[in-house]
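A.B. asks: Letter by letter, the chains look like this.
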Amino acid sequence: MSSGAPDRRSEHRRGAARLAVVGAGPAGLAAAVAAAETGAEVTVVDLGQRPGGQYLRQPTVAGVRPDPHPGRAGDLLRQAGGHPRITFRSGHQVWSAEPAGDDPSETWPSSRRHSSSGGPAGAVTLRLFGPAGPDTLTAPVVVLAPGGYDRVVPFPGWDLPGVVTAGGAQALAKGQGVLVGRRVLVAGTGPFLLVVAAGLASAGAQVAGVVEAAPLHRWSRHPLAVAGQPGKLAEAARHFAALRRHRIPLWRAQAVTEVVEDGAGLRATVRRVDADWRPGEVTRTVPVDAVCVGYGFTPSVELAVALGCATRIDPADGSLVVTVDELGRSSVPGVLVAGEATGVGGAGLAVDEGRLAGLAAAHRLGLLDDAGLGRAAAPVLRRAARQRRFAAAMHRVHRVPDGWTEWLRPDTVVCRCEEVTAGRLRADVTGYGLDDIRALKLVTRVGMGLCQGRVCGRAAACLLAAASGRDQPLEDFAKRQIVMPVPLGAVAEEGPPQ
Amino acid sequence: MPPPEPGTADGFTITVDGAAVPVRAGQTLAAALLAAGRRSTRRTRFAGSSRGVFCGIGICFDCLVVCNGEPNVRACLRPAAAGDTVETGQRPGTTADSGRGGAGVGGPDAGEGVR
Amino acid sequence: MAGSFDVVVVGAGIVGAACAYACARRGLTVAVLERAGLVAGATGSGEGNLLVSDKLPGPELELALFSNGLWRRWATELGDRYGDIELEAKGGLVVTGVGPGADGAAGLAGLRATARAQAAAGVLVESLDPAGVREREPAITPELAGGLFYPQDMQLMPAKATAALLAAARADGAEVRLRTEVTGLSRDAGGRVVGVRTGAGPVAAGHVVNAAGAWAGALAGLAGADTPVAPRRGFILVTEPVPPLVRHKVYSADYLDNVASGDAGLQSSTVVEGTPAGTILIGATRELVDFDHRYNAEAVRRLAEGAVRLFPPLAAVRAMRVYHGFRPFSPDHLPVIGADSRVPGLVHAHGHEGAGIGLAPATAHLVAQVVSGERPDLALGPFDPARFRTEVEAARAAA
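Chains as they are written, first to last, in full-length UniProt numbering: chain A, 1 to 498; chain B, 1 to 115; chain C, 1 to 399.
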C-alpha cells in the first residue's frame, strides 16, 4: 500500500501555513476558500468522488445535468476548484484523528505571534484511507466540516428494501441519475422533504405525496425569524410552486407509520398524528415503489469527539453538536468546526460558518491579525446570527416528539445492523435493569454494528430513557476513535513521525 | 486541483449474481443495481431479511455487497468498474446457514470508544 | 437508602455479580452497590476469556480449573431463565515462532516444557506441529514453528453473563443498586466492619465484599486495609463481522510473558478470536498508566500489526471499533480473595488482572464459603489480602 509521504514532504518544503479541512460541502469549501485567500495552503479531504458534499453534489455520471446552485454556495465550487492554494483529496475517508506529537520538521510562519495559543500543541494528525490505500495528513490547524446525514425514526418496515432516506434518494438522483422508484412517497418532517419531492419529480418520478408530521401552521408563531430571512420565504414559495406544478399533494400532521411489501412494490400506511406524534386513524394506504423518509438531520460529530472537543445538546433540535465559539473554535486549540456538526442550520448558514472558521484558522496560522480577523468576520457574523434564528424557528416547527415510539411493534427492528428489535430492547432494559447506553449496547448489541449507532443511536437512547426513567447522554454513541471502519492493514501502518 | 471531470466513455457491464448488468460510466454499484431494478443488496446475518440502499451516502452500511470477492462493500460508495463481479443476497458475518439464534447474539466486545 | 444485609457486595462487574449469585443462592440476604452502571469497568472491556492455558501450575491454575467446571454448570443454570451467556468451549491455541526472524526452535522447546508441567497439574493439552496448527486454523500464517492446543479454554459474553447472574441473584432476593457510591465503611467499637456509607445513606452488613476491580485499592483504603491493586490499561480492536475466519482463541506465546510481567511500559502480544456476532477481537496490550483514558495510537497499531502477522487475510478485514479498559493488576499476579485479617468483616474478591471473567465463579464460591463460616474448598493462603505488607510499607516509605 502506498503512503502519502511525498505529499507531506512537498508541503513541508513549501514551508507554508497549512490548513487541513475535512469535508468538501458548503462549510468545508467556504473555510478552504477563506483561508486560502489569506495565503494558507489548504488540503481538503472528502469522502465524495467530487467536491460538493450533499448539498452541492456534483454528478459523477456523464449526461446527468448538475443541479443549478443559486447564490453563494454555488460559487464556492468554482472558487475552490480553481484556487492554486487548495488541494483536494477526494474519495478519502478520514478514519481517525489524533493530536500529533511534537514534529521537529514542522514549519511555522514567521508571523506566528498572531496565533492565539500557537505551537504544535494544537496540531492534528488525520489518518486517511483512499483509493490508493492508507495515508496521513498532519496540520497545525484543522477545520472539521463533516456535515450530517438524515435522521430517521424507526417504524415497522423501515428496514425493507425500497425504504430509503430522503437524502439518499436525492443523492442517487442528483449524483447518479437514478431514481429510487418510479412511484415514490416522501415522508417525515422538515423543509428538506419539499426539496427532495420537487427534485425527484423533476427527475421524472411520480411523487404520490409528501407526508409531513408537523402541523405547518406553527410557522405563524415565528414571524420575526421568517421576516429576517426573506430569501427563505422565496425558497419555500419556490418549493410549494414546484409541488403544485407536479400535482404533489402535501398531507400535514400525518406520518407513514408502517410499510409492508406488496407484490413487487411497497404499501405505506399513513396515519394522522397528534402534536406528540402519537398515531391516530389511518388516512390512506399508498402503493409505491419507494418511500423516502427524513426527520431532520444528525450532525456528524465523531471526529471532533475523537479529538476531545467538548459537545453539547443543541436545544433547537436535541442533536449532539460540537461546542464552538462564534468563529467556530472548539475547546481544543487548533481544531475548528463548522456547518451542521455545530448545529443543523442548512447550507446558507454552513457557508457563513465555514467562512468564519476559515478566517479563524488563518488567524491561528498567523496570516491574519486580530484587527484583520475582526474586519473580515463582522459582516459574516451578522448574517450567520440571522440564519441561526431562522434555523431555530424551523426546528421548533419541525421538532420530533417521542410519540413515534408508539408506532413500533415488538418485532420492529431498531438497530438495523445488529437486528435488535424494540421488544428485545425493552425486555432487556426491564429484565436486567439496564440504565445506561454502554450496558445497553453490551447486552443487546444495539448500536454495535458497522454504522456504530449512527442510524439508531438517538432512537435507542430515547427508548432506553423511556424504559429506564433515566436521561441518556448521546455522546456515548459518538465516542469512537475509529471513526469509520478501515482495513486492519491500514491500522497496522506506521503513523507519521512522532 | 479537483479531480478530472468524469469520463464520457460509453457504459460497460458488470456481472451481478451471474447476470450482466449495464452501467453508465461513473455510476456506483448501488446506482447500477437500482437502475437494473434490483432493490435488495444483502440478507441480514441473523434473520436473513432482505436489505437495500438506505442512506445512500455511506453512513448506514445496509447496501453491502460482495464485490470481486471482497465482503461488506458499500454499494453506494463504490464506483462500478468494468468487469466487476458482484454478489447480492449474502449474509456478511456468517456462513449462509449459520445464522445463530436470532437477534441479540453477541460477543464480548465493548462498544465504547476512547477519549 | 437503608437496609441491613448479610452481605453487601461492592461492584457490579462479573466478580461482584458472581459473589451476589453465589451468596444469594445460599439464602444469604445480599445487596450489590455499584458506583456507576452495570459492567462499567473491566468486565465490559474484555474478551470474555476463560483460560487455563495461560496459567502455570500453582494456586491460580487450581482456581482456573475449578472455575472452568463451575462456568459450565452456571451457563446451564442461567441459560434457560436469564438468557444465553454465549459460553463457547472453543479451545485455545498457543503458537510460537510466528513470522520471519522468530526463534522457532527455542520457542517450541519452551512451550513444550510449559505444556508438560501443565499436563501434570491436570490441564488437557495437545502438542501440534505446523500442519496440525493449520488444520485447526486454516487461515493462520504458514510461518510458525508449532503450537499447543488447550481444549478446556472457553469464551463467554461477559456483559450478558453479568446481567444474567445479577438477574438470578435478584430472583433469590438480592438487591442491586446502581449509581450508589460507597463513601466509607462503618466499624463497630471492636473495629469490625458492620456496613457501608453511601451517598444515599448507610447500609448495614454482616460482611462487606470488595469486588471493586481496578478500584478495589481505593475501597480497601477506606478501611485502612491497604491493598496495592492498580489499574493496568488494555486496548482491544474489533473487526467488522466476517464469515468465520478464526475458530479458536489463538495467541502468540509471548502473551504468557506479558501476562507474567510487571513492567509498567507498553507491552503487546497477539491474541485473536472470533465471536458469535461475527466480529473478531484482537488483543492484548498492557500498560500501567493509572486511569488514563487517552487513546494510544501505537498500542492499537501494534495490535493490528500482530493480528495481520498471525492471520494474513485479516489485512483486508476492517477494524470497526477500538475500546479500552483497566484490569485490576496485583503485583504478584495472584488475585486477592478472602477475609481481611486486619479488618474483620471485610472480604476481598479482586486483583484478577485479565482473568476476572474466568476466575469469577471460583472466587465467588470461596467468598460465599468464607461469609458462611465454612472451610473453603481451596486453600486461601496464596490469595491472602494481607500478604502485601512489604510492598505497601515500601511504597509508604518511598512516599
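Derived from the structure by calculation, the hints contain no laboratory data.
Honestly, I wouldn't trust all of these hints.
Said to hold, decoys possible - A few chain A residues facing chain C, derived, Cβ under 8 Å:
hint : residue
1    : Val332
2    : Pro401
3    : Val443
4    : Gln452
5    : Gly469
6    : Pro473
7    : Asp476
8    : Arg480
9    : Gln481
10   : Val486
11   : Leu488
For each residue, glycine too, the CB sits at the ideal point set by N, CA and C.
A.B. asks: Restraint: Arg480 (chain A) near chain C, CB-CB cut 8 Å. Satisfied or not?
C.D. replies: holds, 6 Å
A.B. asks: Quick check on the hint: Val332 (chain A) CB to chain C CB, less than 8 Å?
C.D. replies: At 13 Å from the nearest chain C Cβ, Val332 (chain A) fails the 8 Å test, so the hint is violated.
A.B. asks: Measuring from the C-beta of Gln481 (chain A) to each C-beta in chain C, is the shortest one below 8 Å?
C.D. replies: Check passed: Cβ of Gln481 (chain A) comes within 5 Å of chain C, closer than 8 Å.
A.B. asks: Can the hint on Pro401 (chain A) be confirmed by a CB-to-CB distance to chain C that is less than 8 Å?
C.D. replies: Constraint on Pro401 (chain A) not satisfied, violated at 27 Å.
A.B. asks: Holds or violated: is there a CB of chain C closer than 8 Å to the CB of Asp476 (chain A)?
C.D. replies: violated, 11 Å
A.B. asks: Hold the hint about Val443 (chain A) up to the distance rule: shortest CB distance to chain C must be less than 8 Å.
C.D. replies: Holds: closest Cβ of chain C sits about 5 Å from Val443 (chain A), inside 8 Å.
A.B. asks: Close enough to count: is the Cβ of Leu488 (chain A) nearer than 8 Å to one in chain C?
C.D. replies: Given a least distance of 5 Å, the restraint on Leu488 (chain A) holds.
A.B. asks: Min Cβ distance, Gly469 (chain A) to chain C: is it shorter than 8 Å?
C.D. replies: violated, 12 Å
A.B. asks: Please verify that hint: Val486 (chain A), Cβ, nearest Cβ of chain C, below 8 Å or not.
C.D. replies: holds, 6 Å
A.B. asks: For the hint on Pro473 (chain A), just tell me whether its beta-carbon gets within less than 8 Å of chain C.
C.D. replies: Check failed: Cβ of Pro473 (chain A) comes no nearer than 12 Å to chain C, outside 8 Å.
A.B. asks: Per the CB criterion, is Gln452 (chain A) less than 8 Å away from chain C?
C.D. replies: Where the cut-off is 8 Å and the nearest Cβ of chain C is about 7 Å from Gln452 (chain A), the hint holds.
When held up to the earlier numbered hints, the structure conflicts with 1, 2, 5, 6 and 7 and fits the remainder.
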